[in-house]
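2 protein chains.
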Amino acid sequence: MHFTSENTSDGVTERHFLLNDVPGILWTPDGPGERDRPLVLLGHGGGQHKRAPGVLARARHLVTAHRAAAVSIDAPGCGDRPEVAVLRDHIAEIRARAAAGEPIGQFFPGLNAAIAERAIPEWRAVLDAFTETGPAGYWGLSMAGAIGVRLVAAEPRITAAVLGLASADGLIDTAKAITVPVRFVQQWDDEFVPRESGLALFDAFASQAKTLYANPGRHQDVPRIDEVEDSAVFLMRQLAPPR
Amino acid sequence: MHFTSENTSDGVTERHFLLNDVPGILWTPDGPGERDRPLVLLGHGGGQHKRAPGVLARARHLVTAHRAAAVSIDAPGCGDRPEVAVLRDHIAEIRARAAAGEPIGQFFPGLNAAIAERAIPEWRAVLDAFTETGPAGYWGLSMAGAIGVRLVAAEPRITAAVLGLASADGLIDTAKAITVPVRFVQQWDDEFVPRESGLALFDAFASQAKTLYANPGRHQDVPRIDEVEDSAVFLMRQLAPPR
Chain A
7 MHFTSENTSD GVTERHFLLN DVPGILWTPD GPGERDRPLV LLGHGGGQHK
57 RAPGVLARAR HLVTAHRAAA VSIDAPGCGD RPEVAVLRDH IAEIRARAAA
107 GEPIGQFFPG LNAAIAERAI PEWRAVLDAF TETGPAGYWG LSMAGAIGVR
157 LVAAEPRITA AVLGLASADG LIDTAKAITV PVRFVQQWDD EFVPRESGLA
207 LFDAFASQAK TLYANPGRHQ DVPRIDEVED SAVFLMRQLA PPR
Chain B
7 MHFTSENTSD GVTERHFLLN DVPGILWTPD GPGERDRPLV LLGHGGGQHK
57 RAPGVLARAR HLVTAHRAAA VSIDAPGCGD RPEVAVLRDH IAEIRARAAA
107 GEPIGQFFPG LNAAIAERAI PEWRAVLDAF TETGPAGYWG LSMAGAIGVR
157 LVAAEPRITA AVLGLASADG LIDTAKAITV PVRFVQQWDD EFVPRESGLA
207 LFDAFASQAK TLYANPGRHQ DVPRIDEVED SAVFLMRQLA PPR
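Protein chains in written order, with the numbering used here: chain A, 7 to 249; chain B, 7 to 249.
The shape of chain A in the complex, shown without the other chains (with noise of 0.2 Å):
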């Protein structure tokens, strides 16, 4: 791993690295670093990448309003990274798909399998480059919650987890071995991801402490500001609590 450039603006510094030819960005309070301090893992949507304004405004709200570090790096095929084939082909059904009008929800699950087999290993190692001292959660929706209920599955170093946006197909066994805390953001009109689909994913997750937390509108819809703040909070209860 190694910094490929540093800059610091309101507080917070933001610092672009490579791991293993995996372009990321880690962003902290700006000043010394501190022991405990947690590490918020953030996931990207589907044709995001590592900075999408989403990802960006929870890793600097993370910092600011919590001083908690939170990293990014683009999944396989996405942003600064190169074309997966399978990948590719997989995407361009999908926009054939929906130009001619049709339903594409249901082929996001096995896009989202095949992104995660590749992401899980990446985001491990992000783990062993940058958790030597804190506590770690994930947050991710849409793809990067595809991606996160696999990751928090087999990572026991991830405590607690903003997932969402994502159907039960194919996941329902994995949800079931999670047992740390999570947050479930559901879009209650997605039409990606029928109501039911999103509600089965919530029932499945073993987690003694879980909160479905849904909002009405589309899969794009979801509140900004309020779900930046609320899911910040809830993760910041489990990695940062009172001593």
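Read the hints as simulated data drawn from the structure, not as lab findings. Be aware that a few hints might be false.
With a straight-line cut-off of 20 Å between C-alpha atoms, the simulated EDC-like cross-links for lysine to aspartate or glutamate are [to be verified]:
1) B:Lys182 / A:Asp195
2) A:Lys182 / A:Glu123
3) A:Lys182 / A:Glu161
4) A:Lys182 / B:Asp195
5) A:Lys182 / A:Glu202
6) B:Lys182 / B:Asp209
Starting from the known structure of chain A, arrange chain B on it as the hints suggest.
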């Protein structure tokens, strides 16, 4: 309205009052008053009172974490107030059925309606007495949720509400008159409120901004610290937005 006692501990001033013979409590931060300080009306559940543990926890958290004010009154027939014959008969019937092991959830909407009819003018008098300077919100679950739906629908001075643990019985049309931001707290395995009935009430609110906040467990199992913190963050975002 006149205050009957006052004491301060840990930065919270608690003043008991009588308002047209209704006993209540006002909690404020210790020190001089502040312009535009938000006020949150705290309702209590059936069989509880103005200083029940859940009410007190909410009040103290609003004051200490958010520098808001909170106010609570005994509902008709509850706490330090005299029995009300019609309510007493209602409650006796519910207790008898519970003792016989029969389901009782279907009796709460009628009881709550009878209590709400009396409680709403009392809450409006509280607003008259205490909201000269700032915005007001309402926070109430279970019986206080059923009262709250009616109060918030009728009272334009309340601009945000946490409601929940209430069924849709008799409340759908009332809920359709609510347009302010609502956080709706639901227990996913509520033995008194069928899941579909709670969801129907959530669906009925006309509010553009509404969030379903659902947790596993029975009626009494609302995760206490989490819900208190999260609901307070929601209310304060509406009542005291950053300038």
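The hints, checked one at a time:
A threshold of 20 Å between alpha carbons decides the hint, and for B:Lys182 with A:Asp195 the separation of about 18 Å falls inside it, so the pair holds. At roughly 18 Å between alpha-carbon atoms, A:Lys182 and A:Glu123 fall within 20 Å of each other, so this suggested pair holds. Straight-line distance between C-alpha atoms of A:Lys182 and A:Glu161 comes to about 14 Å, which keeps the hinted pair within the 20 Å bound. A hinted pair counts as satisfied when its Cα atoms are at most 20 Å apart, and A:Lys182 with B:Asp195 qualifies at roughly 18 Å.
Using a Cα cut-off of 20 Å, the hinted pair A:Lys182 and A:Glu202 holds, with the two alpha carbons roughly 17 Å apart. Proximity of B:Lys182 to B:Asp209 is assessed by CA-CA distance (about 9 Å); at most 20 Å being required, the pair is judged to hold.
The structure shown violates none of the earlier numbered hints.
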